[in-house]
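Protein chains in written order, with the working numbering: chain D, 47 to 322; chain Z, 22 to 338.
You may find that some hints are simply not true.
Distance ranges between label pairs, derived from CB positions [stated by the list, open to error]:
hint	chain 1	residue 1	chain 2	residue 2	range
1	Z	Val152	D	Arg147	37 to 47 Å
2	D	Val74	Z	Gly154	26 to 36 Å
3	D	Val68	Z	Leu183	30 to 40 Å
4	D	His98	Z	Gly196	43 to 53 Å
Some chain D residues near chain Z, calculated using beta-carbon distances under 7 Å [as the list claims (entries may be wrong)]:
hint	residue
5	Ala255
6	Gln283
7	Ala289
8	Val300
Which bits of chain Z does chain D cover? Going by a derived footprint, with three or more residues having C-beta under 8 Å, they are [unchecked claim]:
hint	region
9	264-272
10	286-298
The set of hints was computed from the structure by calculation and includes no laboratory data. Heads up, the beta-carbon is just placed ideally off N, CA and C, and yes, glycines get one too.
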Amino acid sequence: MAFASKLLRDKFGLAGVVILLVLVFVAVFGPMLAPYNPEAQKFGLLLPPSSHHLMGTDSLGRDVLSRVISGTRVSVSVGVGVALLGGSLGVLLGLVAGFFRGWVDDLISRAVEIQWAFPELIAALVIVTILGNGLVNVIIAISFAYVDDFARLVRGETLRLRESDFALAGRVLGMPRRTILAQEILPNALGPIIVQGTVAVGFGILGEAALSFLGLGVAVNTPTWGLILSDGRDFFQTAWWLAVFPGLAIMITVLGTNFFGRALQRTLGTQEVSVL
Amino acid sequence: MLLYTVKRVIHAAIVVWAVATVVFFIVRLVPGGPVAALLGPEYTAKAAVAMEHRLGLDQGLWIQYVKYLDHLVHLDFGNSAAGGASVSTVLAEAFPRTASLTVVGLVVGLLLAIPLGVRAARQSSRFAGPVAGAVGLVGLSLPTFWLGMLLILFVAVKLQVLPAYGYEPLSAGIGPWLSHVILPGLCLGVWYAAPLVLITRSSMIETLREPYIQTARAKGLSDSVIVVKHVLPNAFIPVLTMAGIQTGALLSGAVVTEILFAVNGIGRVLVSAIHNRDYAVIQGVILLISVIFVAVNMVVDLLYAVLNPRIRLAQEA
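Construct the complete structure from the given sequences, taking the supplied hints into account.
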């Protein structure tokens, strides 16, 4: 409780929590909130924002607000999926490398380094091409780029924690290494992992937007924020609302995850995540 | 220093070889393959066999791999399956455009991030701190291409001062070139500056707290001497790391940005090669970007050693 109130007293923390709560609400209740069917092509083409269409209509006569609301669920799923998948893989690799050291560490560190040499978006492009479109494939493709962030972070934490008194005590008591890793080291490294995970949700959403913009996103007929922007590409110079609103949705969401991550980092007193 | 440089170059070469290998095998996992994509409606079993032979795809995978490495060593990336031009020619034509955007982005980003970050670290500045925080957090939260769309809307459509699309080579004159690269460059630059400004600020603040800075103050050195001689060389090590790491992201960002601004750079080449399943071109583009990235980070590592002799000595020992 003390932790929560400390987090909420930070103005970034409060803003982050509010943004993320609204987002989860929209993602869950989206279909009930949307004023129209997001796929219905029954309105005038490229109508500017008005009281009937708060965000205007697109080139096929669809209501942009309804599409942005319906896109929330997919965009957020991609972000969370990237944090979970990239996070689990990276955490596992980092734990193993940091705990066993020696050749295992060398092997993992070299592999991570090679992965790192692939430009993130380009790797995602090629992976989607291999696997095909679809929510899960897009998540896999984007996650690939963020495994190294988690692996480096957790490796460092593990190297530090394995020499701590409680890990040594576990070894003296004859605990199996798996138990020491899972019950002593991992819980103590959780703070920075959660901060990194929060930031990764935002990066995942940005990655999806970029892939969709290049036409390699979740699917051609599932509206995501990136796809709505991409659909508006040929028309936004005369219809500014096609560019402004979906982009704002992305920016506010990612700001929310970054605010939250930053506040979390300060509250937990961890300094490991470099960017914020 | 020489020993350290040699070690670092060998290390970089190994990473490049590993990347080349991974790229070779990964690209062959792409379903469909170039034969079907290239023949399209003219696909017949006979034509497919002939095409496979022409592209050398009927040989064993290992033979293809060894040939591929041998060609790479001779800087021969093979021929594009579509059109038959050599990949080197395709890249040589497209790369200067992408490089223009990247370099302009780099310059804009550094000019924005470093002075702002350095100012923000000084307690005397009241505005630089919040501005740096805002540029950092907002810059990290925008899709680059969206920033590009907003710039097009405002600068090209509303103010009509710069063209929204296209590219003019530097040989056409500096004016036309700059007018086409400034918007995409600005869009990349803000994005590049975001993490850099945050890291510059925090690294400067940390260094200013060091005891040797207090000693320098106690000696009566002026503020500017302290900053230039003592703070900057130490504070810049993390900034340099971030600047190097972000170069890869900058190149990736250039890919999306150039598609928005209709610049025919390597990003467009890559996306159309992916659609055509043009193995050789996909390989060439990824290798080119990775090599630049590895090389930039190698230079950054070498610069560290220049900035901080302790790193150099530890590595040589």
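Check each numbered hint against the structure and report the violated ones by number, ascending.
-> none
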